Amino acid sequence: MNLLRSPGTADLPSPVRSVLSVRMPTVAVGLLLLVTVVASAVLQPGFFSPYGLSASFATFLPLATIAAAQTIIVLGGGIDLSIGTVVTLSSAVSVVLMQGDDGRLPLALAAGLATGAACGLFNGLVVAVLRLQPIVATFATSSVFGGLALLVLPTPGGQAAPVLTGTYRMVLLLYVPIPAILLLALFLGWRLLRGTRFGQHLYAVGGNADAAYTSAVPVSAVRVLSYTLGGLVAALAGVALLADAGAGDPTLGTQLTLGSIAALVIGGTRLRGGSGGVGGALVGAVVLSLIQGLVFFAGVPTNAREFVYGCIIIAAIALAGLLTNRNGSAAGTTGGNR
Amino acid sequence: MGSMTHRNTLGRGRFGLRALGAAAVAGTLLATACSTPEGGGGGGGGEGDAEGPFTIGVSNGFIGSEWREQMLSALETAFEEYEAEGVVDELVVESADVDINGQIQQIRNLIRSDVDAIIVNPNSPTALDQVFAEAADQGIQIVAIDQAVESEDVVNVVIDQSEWASISAQWLADEVGEGGQIIAVNGIDGHPANEDRWSGASEVFDAAGVEVVANDYAEWDQNQGQTVTRDLLASNPDVDGVFVQDGMALGAFRALEAEGALEDVALVGEARVGYMREWDAQREEGDFSSIGVPNPPSVSVSALHVVVRMLQGQEFAADALDGNNAWLPIPETVTDDNFDDQFAQVEDENDAYAVDHALTSEEADAYFE
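Taken in sequence, the protein lines are chains A and B.
So for the first sequence, the working numbering puts the first residue at 39; every next one is plus one.
So for the second sequence, the working numbering puts the first residue at 115; every next one is plus one.
Only chain A is shown next, with the shape it has when bound in the complex:
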């Protein structure tokens, strides 16, 4: 099971290399997290109050979850521009079935998750079997899913189940919001996935599909599965959004696509695939949300906020990129010649 980037390192399995390659970006994003948290604590009144923590994590979770979904796809060498509309469609399906009734929650959630996975599967088949360019193919499917969401939920409406919204806003022991625990669960879920054979294959296919193919990795199957899993996780983001919003809307989540990509890049995942991880993307999403709040609380004039926010994001991405590239050249000297 040697999944390699170059024949010269035939005896060094890629999981080792991927562990090595995430280390530097993790330092970068860790640094960013530290800076943004300290700045938030200074600038935002009540940042560490129970309401402050609960409100912050409630805001982080949807973006972090969709960033995790996008990362799984990008690691496998793909990209999904339809991921925001997958969130929209799955949340629309959920809320239509839910109708504000706790008893219907399990069915509604199952249907929403199945919808997300089905969208992902469809994307995966289009990309891996029809061999269309992911960026174009998923741009096209985003219209399909967005259009379907409008058919399922033509106008905003539909209440989320009270137990869902209630649980989402709950805080344990005064200081631990439920969304924070879900964020941790997401990370642990990823660590479990990464340890599986599929997890290893994902890095191999994203790193060098040809080499993976010659090492008998089922490249197409891995790609399809990565999109399907991505769709499933995107549907989880839809559930989180629904819990946070309290009601359905046929535009819920559509604009999260670019945020998901920015978060994973800040988190040190390489857009070409094969390097990075969900952990970094989760932190990247938190950093992204915190920066948005900071620009507001720092008292930047309304009209300049978008500009300042954009500049900070560029700086954050540059920092992540700088450290990733350095690491890339370091890896080059140890054998990988990509």
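Because the hints were derived from the structure by calculation, they are not lab data.
Since this is a predicted model, take the numbers as computed values, not measurements.
Beta carbons: idealized from backbone N, C-alpha and C, even for Gly.
Check each hint, because a few of them may be wrong.
Stated by the list, open to error - Residues of chain B placed beyond 12 Å of chain A at every Cβ, according to the derived structure:
(1) V201
(2) E309
(3) A348
Claimed, not checked - Pulled a few chain B residues facing chain A out of the computed Cβ check, cut under 8 Å:
(4) I218
(5) D303
(6) S313
(7) S316
(8) E446
Got chain A sorted already, so can you dock chain B onto it with the hints?
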């Protein structure tokens, strides 16, 4: 390789254990204490705070439209008057192109800024319910403008969009007569204001026996309005009229002008200066008729009057609220008859300026006991 496999297995086991541990801890925590943070958090205000001066937050989720700019600048001007009287002290504005998730964050930022009230132009009539409840829990008064919301924690200070659209629809129905055929250029499919308006207009057309042969969407954008109107005209060359919502009528006008169809096809106009200039020019040339129903951006000012009174502890009069809606009057329609008067008042403004109207303080008092 052998050692690596081992390490991976080990890793899996370790994280499996950790996950188990976390679940156990979470279970214990859940059993010992859980709560929903309310009241005593970072928010301020509260019912007893009727003295002022008050801090007012604004959440606007869509920029780049002149209408929204006018909405905000009019609000700032009116705010300064209250500030001079010592009634209010700070206006905290959150204004950016955001989706619903972003607007939820905007409102949370306002809550944490200790505002006493929030004026919101909402991106969704339903999906901000939870964050409105969070704000209301902290004693913050919330008023929605432009777009009504369903949340009972919010008072909508809005015009009736359905009635707004029915006025120009009635004019068009009279122009084309029973059996007339029209095309419709609407805003955004699924957008609540769009749905309300189109349902109001459709009712009028059905009742008058007017046939809508085609309906498309141009996102309240003049350029798209022009393209969509041109395409609809190309596929339906024999129509008698064009129904178009505001923000797109100038585009529709240009499309008709390019086809040389201004004389034969009746067009719903808009109460905006750019369109009114064209209207004015056509009037001088002869037989051109149109209508413009104002959709006033200064609804933000009306909302400020209302929310200040709410903060001062005044109660709504018995008949002031319809559900959670405080309906605003629709300003006087611009017609062929009053055009010269109306145009003279706004002639010096830029093309994107919308004919405006706000409640006066006295009119706002009438909504309260």
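Quick rundown of the hints versus the structure:
1. V201: Check passes; 22 Å lies beyond 12 Å.
2. E309: violated (5 Å)
3. A348: holds (23 Å)
4. I218: This interface hint holds because 6 Å falls under the 8 Å limit.
5. D303: Cβ of D303(B) sits 6 Å from chain A, so the hint holds.
6. S313: violated (10 Å)
7. S316: violated (14 Å)
8. E446: violated (31 Å)
Against the hints set out earlier in the document, violations occur for numbers 2, 6, 7 and 8.
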